[in-house]
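The sequence shown begins at 46 in our numbering and counts up one residue at a time.
To be clear, the hints were calculated from the coordinates, so they are not data collected in a lab.
Worth double-checking, as some hints may not be accurate.
30 Å max Cα-Cα, derived BS3-like pairs, lysine-lysine [to be verified]:
hint, residue 1, residue 2
1, Lys152, Lys100
2, Lys100, Lys196
3, Lys146, Lys248
4, Lys140, Lys152
5, Lys79, Lys146
6, Lys198, Lys146
7, Lys146, Lys100
8, Lys56, Lys79
9, Lys100, Lys198
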Amino acid sequence: MFQHLFAEMNKVLREIVTDYPTAEGARRNELLCKYNMLHRLSDNVMDEWLLFAEKLSQFREQADFTLEPEDSPEPPLEAAELSMDAFVRGQGYYKLLMYRKCIDQFKEVIARHPDSLAARLYLAMAYLQEGEGESAWRHLDHMLALIREAKLKAMIYNAMGCIRATQERFGEARELFDLSLQHDPALPEPPVNLEVCRRRGGKLQFGNQLVELL
Numbered sequence: 046m047f048q049h050l051f052a053e054m055n056k057v058l059r060e061i062v063t064d065y066p067t068a069e070g071a072r073r074n075e076l077l078c079k080y081n082m083l084h085r086l087s088d089n090v091m092d093e094w095l096l097f098a099e100k101l102s103q104f105r106e107q108a109d110f111t112l113e114p115e116d117s118p119e120p121p122l123e124a125a126e127l128s129m130d131a132f133v134r135g136q137g138y139y140k141l142l143m144y145r146k147c148i149d150q151f152k153e154v155i156a157r158h159p160d161s162l163a164a165r166l167y168l169a170m171a172y173l174q175e176g177e178g179e180s181a182w183r184h185l186d187h188m189l190a191l192i193r194e195a196k197l198k199a200m201i202y203n204a205m206g207c208i209r210a211t212q213e214r215f216g217e218a219r220e221l222f223d224l225s226l227q228h229d230p231a232l233p234e235p236p237v238n239l240e241v242c243r244r245r246g247g248k249l250q251f252g253n254q255l256v257e258l259l
């Protein structure tokens, strides 16, 4: 339902991020107008989202039922997590690229549910978006002790390897990429990242599959 809206918003945002640093005159003003439009739109969407989430939460509490997890590699959500407004708000902020506010919300979630895989994953990815690798590392590392599924472990090891590679700690990064392949030899990103480490240059691949879990 919202995919088209967010796709268009992201398209405009990418245009602004790419062109604004070198834009001048009328083009710069045009990009500023587009930015202001996106800012207003994101605020309006967020307000509507939070209002809807509150109504949904109220119904869930009144109906007294639990949601069955879908058959997917996504970290399972506990009913207690789903009942928290902070969890729903955090999801909304992440989808709107408001990562700092997303972090604040999911900090509340893990304060009450420290072993929540889903909350830890949102926090890790939000911190990565903010360029805070060490903060992301702590949450990914915490997840490893809780995860049983080999494929998900492989994706986490790959993401941790990327963090170390961006810090130019290539030896540690190679070990993590090797661990990723041990858990899932078919995962496409680790071989590419190992080559980046070997060449000490290139584009790291964190893994689209991990992002798609959010």
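To see whether the hints hold, each was checked on the structure:
Of the supplied pair hints, the one linking Lys152 and Lys100 holds, its CA atoms being roughly 23 Å apart against a limit of 30 Å. Taking the CA atoms of Lys100 and Lys196, the gap is near 36 Å; set against the 30 Å cutoff, the hint is violated. Restraint check for Lys146 and Lys248: the C-alpha separation of about 28 Å stays at or below 30 Å, so the hint holds. Among the hinted pairs, Lys140 with Lys152 is consistent with the structure: their alpha-carbon atoms are about 17 Å apart, no more than 30 Å.
Of the supplied pair hints, the one linking Lys79 and Lys146 holds, its CA atoms being roughly 22 Å apart against a limit of 30 Å. A C-alpha spacing of about 27 Å is found between Lys198 and Lys146, which places the hinted pair at or below 30 Å, so the restraint holds. Note on Lys146 and Lys100: the hinted pairing holds, with a Cα-Cα distance of about 21 Å set against a maximum of 30 Å. Distance hint between Lys56 and Lys79 is fulfilled; the C-alpha atoms sit about 11 Å from each other, no more than 30 Å.
Straight-line distance between C-alpha atoms of Lys100 and Lys198 comes to about 35 Å, which puts the hinted pair past the 30 Å bound.
Violated hints, listed in ascending order, are 2, 9; each of the other numbered hints is respected by the structure.
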